[in-house]
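Protein chains in written order, with this note's numbering: chain A, 1 to 358; chain B, 1 to 275; chain C, 1 to 304.
No incorrect hints appear here.
With the Cβ distance kept under 10 Å, some of the chain A side facing chain B (calculated, not the full set):
| id | residue |
| --- | --- |
| 1 | Pro70 |
| 2 | His82 |
| 3 | Ala84 |
| 4 | Leu159 |
Hints are computed from structural coordinates only; laboratory data are not their basis. Glycine residues also receive a C-beta, built at the ideal position from the N, C-alpha and C atoms.
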Amino acid sequence: MSIQVRNLRKAFGDFVALDDVSLDVPGGELVALLGPSGSGKTTLLRIIAGLEPADQGTILFHGEDATTQPVRERQVGFVFQHYALFRHMSVFENIAFGLRVRPRAVRPSEEEIRDTVMGLLKLVQLDVLARRRPSELSGGQRQRVALARALAVKPKVLLLDEPFGALDAKVRKELRRWLRRLHEEVHVTSVFVTHDQEEALEVSDRVVIMNEGKVEQSGTPEEVYDRPATPFVYGFLGDVNLFHGRIHRGRVDIGNGEFDAPGWADATDQAGVAYVRTYDVELGPAPSGPSSLAAVVRHVRAFGPMVRLELDLVEGGRSIEAHVSRERFDAAALAKGRQVYVSPTNVRVFAQPTDRAG
Amino acid sequence: MRRTSRSVLPGFGLSLGITCTYLSLMVLLPLATVFTRSADLSWADFWGTISNPRVVASYRVTFGASFVAALVNTVFGLLVAWVLVRYRFPGRRIVDAMVDLPFALPTAVAGIALTTLYTPNGWVGQYLEPFGIKVSYTWLGITVALVFIGLPFVVRTVQPVLDDLEVEVEEAAASLGARRSQTFLRVVLPTVAPALLTGFALAFARAIGEYGSVVFISGNMPMKTEIVPLLIITKLEQYDYAGATAVALVMLLVSFVLLLTINLLQWAARRRVEA
Amino acid sequence: MATVAVPRPATTAPRAITRATGESPAVRWTLTAIALAFLAFTLVLPLVLVFHEALSKGIEAYLAAIREPDALSAAKLTLLIASIAVPINLVFGISAAWCIAKFEFRGKNLLITLIDLPFAVSPVISGMIFVLLFGMHGWFGGWLFDHDVKIIFAVPGMVLATTFITSPFIARELIPLMQEQGTEEEEAAIVLGAGGWQTFWRVTLPNIKWGLLYGLILCNARAMGEFGAVSVVSGHIRGETNTLPLHVEILYNEYAFAASFAVASVLTLLAFVTLALKTLVEWQQRRAEAEDTEDVPPAERIAA
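Excised from the complex, chain A in its bound form (with noise of 0.2 Å):
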């Protein structure tokens, strides 16, 4: 089942959650929404659930208006990020929740919900722990609990808030995985909500990315990543270091150097900022071109198949990052103290952002 927002706008007293957000999410796909703490993604996602209402706009679902459907009725499934179990109810008695409390007329009889519920289990693969209560399990099984008990009524929208926030990382991969292949078996349509960019970029069809309570920009993983949209989304996403200038005519001068500003050939005397990814960066024993900066490392830290570097530039007064692999660390025979020469491969410039700080 599809979901349609328009225009939603949310305000909790003089704060804007939600500033005329608008968005789509196609039946059957995974969906992220991703941004920091305050960007308005919870806020989005319980209003879907229609845990909290909508100060403007319209909730549709399939085409049909939900707005002022009550909670109950909305047929969504919530997982909630401190997975909100019935403590005092066994795992059986959790995922069969759903099921009991339906009026009389449509519940199902108990050998049905019993075999809704084992088979749940099994999906879930946490079969043999039916009996335990919530405090006997392990955080990462009581995410799964949780899953089950949303699942279980059969929903048409699936929604997680911050599913994995309260687990650590080796079980939040996990999980992550998990979640994906449940999500081909099972095929809802879900959305789920988190502030971390790996796991959004990993598991969803498509990633929204939120700032300030607007949506920043929606697309598959790799056209986030690749095409940022904007300057918040490139920066949010990977590691990057800004540099701020004046764009004219196709390049842009940062005060001791100047990099080609692809896009921008008619620009006259423009403020801009210029993104560099931290890997798109060459490192050599002289300057290949007009782009190329001097600096001295500073920092080496060399774990893993990146090594990391701290450079700080000999004109400038700062400091810049750059990722390179092992082989080309250890050709380059990079060290502490040593000068070289930095060279970006892959500039983004954008107009200077006028009512954020850069």
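Following the hints, put chains B and C in place on chain A, whose structure we already have.
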């Protein structure tokens, strides 16, 4: 100094000494008299005393009225706690503070006030009179007084539990399709039940020993509205010390059992939360 | 120098259960109305009656009843008893809390249960046990009689009974509080060279001050208002062994209703003061807790 673990902090011996001395002299010694005095009685005499019809009647009055009062307090106490924790209304803070009034008010004041309210021409009594409902000098009056006394116990025990209830759990139930009443009965109530039980036990324990607020409204008719504390006083005034201690011993044992039960309930509740 | 963080008063507002998942407004208002009606009927009505009856013979009769010599001596006795019982229980409470909260030893749980005992004992029995100890036919009765020392039916007995009844209040308040605060600060003080008393005065006491105040308020309210226990031990001798609550009873039994309620109104006002102080202390406690557990950004700290 006897210390099980080496502690850097001073004052263990002094503080433990003061505590144990005080407890022995002020608490244990006086309480011991009840047991030693009852031991003076032979089993037959002891049994005879407490199975005396008047004594049995007083037990029935005390325990019966206390039970009903504690029950009333459990129901209304939950309601009051719910309204105070969940809803906003003008004067909520004042009402919240007022709940402690029975703690702060001397029992004698409550006693005479309630009696005057419920006499046949009292503010409330006059409306009940035409229906033939007598409160003063009846079992009903005793219960009313005990409801007053026990009110804060249930409210104050339940309030923190309601306060700690995660909103998400109720939201989860709603998202799963439960009606509000279903959420309350299946999710909220089971969580609050241990606190309710503890509150009931506390209110009951307080009620069975209550004297000042009850003695005015009860009329103290032997066999009908005589409460155990009054019976004890009567026996003391007649210098029937043995009889008084016998009656008191039963009360003490019941109180101690209640105290243990309450402590166990609270300990079990803590364990469940710490899971 | 101490730093004063920007004060944020603790909230006592109800948590936001949103409109989406709460009860309908009709249900809310109905429940609120029932709860308030119950409280008004159970608590407020008797209070209003006390003052109404107290003033039913006019303001002069009211003042006369309060200024009457027997009433005044009852007031004095009430204050006297409280001024002895409360400090004794203060010392006991602090000692008990200190050894229980700051040390480990076997039998701790037994000790805590023993401290709770007086709560479980009916007030009448609390008085009775002292009669059994010190009364004419009590354990020490003979000895006391020979030495012409009167405890029962005299003030000492009333002090003892009141002390017994109010003994748990301060201890019960301090024990969980000090247990929660742990021993780290005191240990730090010792390591820095402070002595035992210094540590207590400068480190422990400031931390427990609100809990201590709270316990004192409750202990005092009970000490002044106690009726059953004192009734058993006092002998009801007018002008000598009557506290204010006992005086209320005497006047009532003599059908001097207005006077009885007049004295009762004084006790009621005392109860109001107790409630007000209690609320104030609770508010301060919550503020202190909120300040302790908050992560106030350094920029907002103001050096005092």
